[in-house]
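Based on these hints, arrange chain B on the given structure of chain A.
Here is how the chains run, residue by residue.
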Amino acid sequence: MKFADFVCFKAAIPELQARDRNGAIAELVSSLDKAGKLGKGNCKEVIRAVTKRENEASTGMGRGIAVPHVKHKAVKDVVAVIGQSSAGIDFSSLDKQPVYSVILLISPVDNADNHLQAMESIFKHLQHEKFRKFLRQCRSISQIEDLLREADESVFV
Amino acid sequence: MQAEQDSLEKVVCETEVEIKNADGLHMRPAMQFVDVANQYDCDVTVSNDENSVDGKSIMQMSMLAATCGTKLKIKVEGSDAEKVIGVLRELVEEKMFGEPAP
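Those protein sequence lines, which keep their order, are chains A and B. Read left to right, the first sequence gives residues 1 to 157 (my numbering). Read left to right, the second sequence gives residues 1 to 102 (my numbering).
Looking at chain A on its own, in the form it has when it is part of the complex (with noise of 0.2 Å):
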């Protein structure tokens, strides 16, 4: 799978406004929603949903990342959105550090193997450091759907 078969680009945050955990939440799952990826009246049970999967166990994975996502019957694929904030915000990591990059996904409930599939294609990149720098840097929506496509083709592996 790559990027560009799951991640909606113009829903991406370059710059997220909020500065704690469930704020940053609420605002990318209100961009993918904004982006008709949620069909209709599904935001805030979503928030909701992805809310709570997180206060079961912390996806901030350390390094700055984290990967907050949920199954969910609103889609009938698995869609994700990018969102930046270069003050870092709080998602209780394993490292305890701040999180600069989240990468929020939301999968269909039926269908485990997308999901995973997904995952594999976020973790193949995120585990490179230059990678994760240069996600860091991107300032704008074009920058990240720009890497994230340079991405599939390979360049950073």
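It is worth saying that the hints were derived from the structure and are not from the lab. Do not rely on the hints blindly, as some may be mistaken.
Mimicking DSSO-like on lysine-lysine, the simulated pairs with C-alpha atoms at most 27 Å apart in a straight line are [said to hold, decoys possible]:
(1) K34(A) to K71(A)
(2) K73(A) to K20(B)
(3) K73(A) to K2(A)
(4) K75(B) to K10(B)
(5) K71(A) to K20(B)
(6) K95(B) to K71(A)
Distance ranges between label pairs, derived from CB positions [as the list claims (entries may be wrong)]:
(7) G98(B) to N111(A): 16 to 24 Å
(8) A4(A) to D49(B): 22 to 30 Å
(9) D80(B) to I141(A): 46 to 54 Å
(10) E129(A) to N48(B): 17 to 25 Å
For glycine and all other residues, C-beta sits at the position ideal for the given N, C-alpha and C.
Relative to the frame of chain A, chain B by itself:
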């Protein structure tokens, strides 16, 4: 002297496990695996057909995308390798990460 000899002794154990829980090796199971692996001094390597990754790194483990039914090779190197590989195998195949089968 005894301790020194023990630390020089490098035991390598390998086994193949099958992912049996319905949702596969998603983030929570991967975190459980990494947590257990990190309780020991051994090196833990997990491989599928394409990649070999560090079993102590959540980012690398998430990259395996092991769906239900996938077979993974676990390799443990270190003095208590035999014990560790048993614990990890039990977590994957018997406890199934505390998740339901398909």
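Tested hints:
{"no.": "1", "hint": "K34(A) to K71(A)", "in the structure": "holds (19 Å)"}
{"no.": "2", "hint": "K73(A) to K20(B)", "in the structure": "holds (24 Å)"}
{"no.": "3", "hint": "K73(A) to K2(A)", "in the structure": "holds (22 Å)"}
{"no.": "4", "hint": "K75(B) to K10(B)", "in the structure": "holds (13 Å)"}
{"no.": "5", "hint": "K71(A) to K20(B)", "in the structure": "holds (20 Å)"}
{"no.": "6", "hint": "K95(B) to K71(A)", "in the structure": "holds (23 Å)"}
{"no.": "7", "hint": "G98(B) to N111(A): 16 to 24 Å", "in the structure": "holds (22 Å)"}
{"no.": "8", "hint": "A4(A) to D49(B): 22 to 30 Å", "in the structure": "holds (25 Å)"}
{"no.": "9", "hint": "D80(B) to I141(A): 46 to 54 Å", "in the structure": "holds (50 Å)"}
{"no.": "10", "hint": "E129(A) to N48(B): 17 to 25 Å", "in the structure": "holds (23 Å)"}
The earlier numbered hints are all upheld by this structure, with none contradicted.
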